[in-house]
Amino acid sequence: MSNKKQMTKFGFIVSSLGAAIGLGAIWGLPGYINKNGGFYFFLIYIFAMLIVGVPLLIFEFNLGNLRRKSVINIFEKESVCFSKFVGWFQATLMIIIPIYYAVLVGYTVISIGIEFSPALISNVNCNIFNSQILQHGGFGITNNGGFQWIVFLAFLFVVLLVGLVLLFGIKGIEKLNKFFMPLLFLIILILAIYILTVPGSSQGLATLFLVENLEKLKQSQTWSSVFSLAFFTTSLGMGIMMRFAGVLVHKTKIILQKLIY
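Here the sequence shown is numbered in the working numbering, starting from 1 and rising by one per residue.
What the hints contain is simulated information worked out from the structure, not anything from laboratory work. Mixed in with the good hints there might be a few duds.
Taking lysine-lysine pairs in the PhoX-like style, the calculated list, with each CA pair at most 25 Å apart, reads [what the hints assert, rightly or not]:
id: 1; residue 1: Lys69; residue 2: Lys9
id: 2; residue 1: Lys216; residue 2: Lys69
id: 3; residue 1: Lys171; residue 2: Lys9
Just so we're clear, the structure is a prediction, and the values are computed from it rather than from any experiment.
All chains, full assembly: derive it from the sequences and hints.
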């Protein structure tokens, strides 16, 4: 495989993090922690990651790096029919999920535009997204079935931007993640520090350690949420990690494997 079609180890790490760290980790995990046992839910989430998430990640990384095939053909040594079925299922997921995320990123683009429009914010005395973006009667709504052209334009912008990155292939994905992943961690750090300075934050954090939260660990739904979240926050079973490992330098020792062995 030529160097143009190979990803560096650092590029692989940030790209894998980019695939795994999204709504599940940043938005979903805090919500699950709040509803399903506080700090104790977080502890069993770490447990689920150690016994399920990490081993399956190592499996996907090594399988992808050794066989270096598309997700449709990667299991053909075991069974061609099984490989096709699982591969097309994963490929379908990789088509559907980006459409969903493109809309959400489009909402983010709209939000950034609103933040840089002080006149617009001053004219709306309530939640702009609920009253003006998501609901009928807001700006951008037409009479044709409630078509929201602002959201559509934002979605189209995101799709074209992603297409532009993909024109540069693996190197385009790698360079973009090298810039945006450190930026994401910086933003999260700033937000975490800010939240800790908000009045009442200490009382809010204290609720995570209430003894009453242990009762929620007796519910089967809590454990189901833990393991489903462990899959979602690591992008397991979607073929993404196998594909990233497949363009890494052949027979590279994966960092997770080094930590265990």
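Against the structure, the hints come out as follows:
Distance restraint check for Lys69 and Lys9: the Cα-Cα separation of roughly 19 Å lies within the 25 Å cut-off, and the hinted pair is therefore satisfied. For the hint linking Lys216 to Lys69, the alpha-carbon distance of about 43 Å lies beyond 25 Å, and the restraint is violated. As the CA atoms of Lys171 and Lys9 are separated by approximately 12 Å, the hinted pair is consistent with the 25 Å bound.
The structure does not agree with numbered hint 2 stated previously, though it agrees with all others.
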